[in-house]
Amino acid sequence: ELKVEQNPLFLSMQEGKNYTIYCNYSTTSDRLYWYRQDPGKSLESLFVLLSNGAVKQEGRLMASLDTKARLSTLHITAAVHDLSATYFCAVDKAGNQFYFGTGTSLTVIP
Amino acid sequence: DSGVTQTPKHLITATGQRVTLRCSPRSGDLSVYWYQQSLDQGLQFLIHYYNGEERAKGNILERFSAQQFPDLHSELNLSSLELGDSALYFCASRPPRYGYTFGSGTRLTVV
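Chains as they are written, first to last, in the working numbering: chain A, 1 to 110; chain B, 1001 to 1111.
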């Protein structure tokens, strides 16, 4: 079964700092997705990475994909409190289901 | 509003009971995916329907069943409920080659 691992599971960071969340997956896939979830809320799509070397940026978040290493990163630049949430990566398997990582719970401290 | 509609938003029921969760995909999307999110199991894929046909099954218990109707809405039926079934249940739809669009979820509490 396809496995998706995220680290760290919990991240507490100060405002203004930079950090990276890592997502490793166990089988070949050309598509990787990042989602954000606020407590008790739905999942909001952040990035869709469709090919090796893809890089996408939105505000203080930047996601990249290395399909050869089976690795995606979500880089946070100059964190602000509003970024506090749980972030999930997910890998698409044959279009029939996503395999989600365990999630990274991010807390940005003033 | 994501365009994926789930009802009800909250459901509280007793053990042993049966409930039905409903999902309408975004206009034009033929797929519906059901996921269960609990604290200990994370996001677990349950089942995928495409245009009325079951396409994939994940970790769905035998007590659970689903169907997709001709108007493309889907229902997830949970029966003989146990305390451990308490979770957030999401449905999602997607156009080809894009990520899921999730509904707002149904929070099920079994007491």
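Hints were generated in silico from the structure; no laboratory data involved.
Because the structure is a prediction, the values reported are computed rather than measured.
Don't be surprised by glycine CBs; every beta carbon is placed ideally from N, CA and C.
Be careful, since some hints might not be right.
[Unchecked claim] Simulated pairs of lysine-lysine, DSBU-like, Cα-Cα distance not exceeding 35 Å:
id: 1; chain 1: B; residue 1: K1057; chain 2: A; residue 2: K17
id: 2; chain 1: A; residue 1: K41; chain 2: B; residue 2: K1057
id: 3; chain 1: A; residue 1: K68; chain 2: A; residue 2: K93
id: 4; chain 1: A; residue 1: K41; chain 2: B; residue 2: K1009
id: 5; chain 1: A; residue 1: K17; chain 2: A; residue 2: K68
id: 6; chain 1: A; residue 1: K56; chain 2: A; residue 2: K68
id: 7; chain 1: B; residue 1: K1057; chain 2: A; residue 2: K56
id: 8; chain 1: A; residue 1: K56; chain 2: A; residue 2: K17
id: 9; chain 1: A; residue 1: K68; chain 2: B; residue 2: K1009
id: 10; chain 1: B; residue 1: K1057; chain 2: B; residue 2: K1009
id: 11; chain 1: A; residue 1: K56; chain 2: B; residue 2: K1009
id: 12; chain 1: A; residue 1: K3; chain 2: A; residue 2: K93
id: 13; chain 1: A; residue 1: K3; chain 2: A; residue 2: K56
id: 14; chain 1: A; residue 1: K3; chain 2: A; residue 2: K68
id: 15; chain 1: A; residue 1: K93; chain 2: A; residue 2: K41
id: 16; chain 1: A; residue 1: K56; chain 2: A; residue 2: K41
id: 17; chain 1: B; residue 1: K1057; chain 2: A; residue 2: K68
id: 18; chain 1: B; residue 1: K1057; chain 2: A; residue 2: K3
id: 19; chain 1: A; residue 1: K93; chain 2: A; residue 2: K56
id: 20; chain 1: A; residue 1: K41; chain 2: A; residue 2: K68
id: 21; chain 1: A; residue 1: K17; chain 2: A; residue 2: K41
id: 22; chain 1: A; residue 1: K93; chain 2: B; residue 2: K1057
[Stated by the list, open to error] On the chain A side, residues computed to face chain B include the following (Cβ under 10 Å):
id: 23; residue: Y22
id: 24; residue: F47
id: 25; residue: A85
Do the hints match the structure? See the list:
1. Our distance criterion of 35 Å between C-alpha atoms is broken by B/K1057 and A/K17, whose separation comes to about 42 Å.
2. Pair hint A/K41 plus B/K1057 holds up; C-alpha atoms about 25 Å apart against a cutoff of 35 Å.
3. At roughly 16 Å between alpha-carbon atoms, A/K68 and A/K93 fall within 35 Å of each other, so this suggested pair holds.
4. Of the supplied pair hints, the one linking A/K41 and B/K1009 holds, its CA atoms being roughly 11 Å apart against a limit of 35 Å.
5. This hinted pair checks out: A/K17 and A/K68 have alpha carbons roughly 29 Å apart, not beyond 35 Å.
6. For a cut-off of 35 Å, the pair hint linking A/K56 to A/K68 stands: about 18 Å separates their Cα positions.
7. For the suggested pair B/K1057 and A/K56, the alpha carbons sit about 32 Å apart, so the restraint of at most 35 Å is met.
8. For the hint pairing A/K56 with A/K17, the CA-to-CA distance comes to about 20 Å; that is within 35 Å, so the pair holds.
9. The hinted pair formed by A/K68 and B/K1009 fails the criterion: a straight-line CA distance of about 41 Å is larger than 35 Å.
10. About 24 Å separates the Cα atoms of B/K1057 and B/K1009, which keeps this hinted pair within 35 Å; it holds.
11. For the suggested pair A/K56 and B/K1009, the alpha carbons sit about 33 Å apart, so the restraint of at most 35 Å is met.
12. A hinted pair counts as satisfied when its Cα atoms are at most 35 Å apart, and A/K3 with A/K93 qualifies at roughly 11 Å.
13. As the CA atoms of A/K3 and A/K56 are separated by approximately 23 Å, the hinted pair is consistent with the 35 Å bound.
14. This hinted pair checks out: A/K3 and A/K68 have alpha carbons roughly 16 Å apart, not beyond 35 Å.
15. For the hint linking A/K93 to A/K41, the alpha-carbon distance of about 25 Å falls within 35 Å, and the restraint holds.
16. For the given pair, A/K56 sits about 24 Å from A/K41 by alpha-carbon distance, which is consistent with the 35 Å threshold.
17. Our distance criterion of 35 Å between C-alpha atoms is met by B/K1057 and A/K68, whose separation comes to about 28 Å.
18. A distance of roughly 17 Å separates the Cα atoms of B/K1057 and A/K3; the hinted pair therefore holds under the 35 Å criterion.
19. The suggested pairing of A/K93 with A/K56 holds, with an alpha-carbon distance near 21 Å, which does not exceed 35 Å.
20. About 33 Å separates the Cα atoms of A/K41 and A/K68, which keeps this hinted pair within 35 Å; it holds.
21. Simply put, A/K17 and A/K41 have alpha-carbon atoms about 26 Å apart, close enough for the 35 Å limit, and the pair holds.
22. Simply put, A/K93 and B/K1057 have alpha-carbon atoms about 13 Å apart, close enough for the 35 Å limit, and the pair holds.
23. Given hint, A/Y22 at the interface with chain B, is violated; its Cβ is 17 Å from that chain's nearest Cβ, farther than 10 Å.
24. A hinted interface residue such as A/F47 counts as satisfied when its beta carbon comes closer than 10 Å to some beta carbon of chain B; here the least separation is about 8 Å, so the hint holds.
25. Checking A/A85 against chain B by beta carbon gives a least distance of about 14 Å; that is not within 10 Å, so the hint is violated.
Hints 1, 9, 23, 25 from the list above are not met by this structure, while the remaining hints are.
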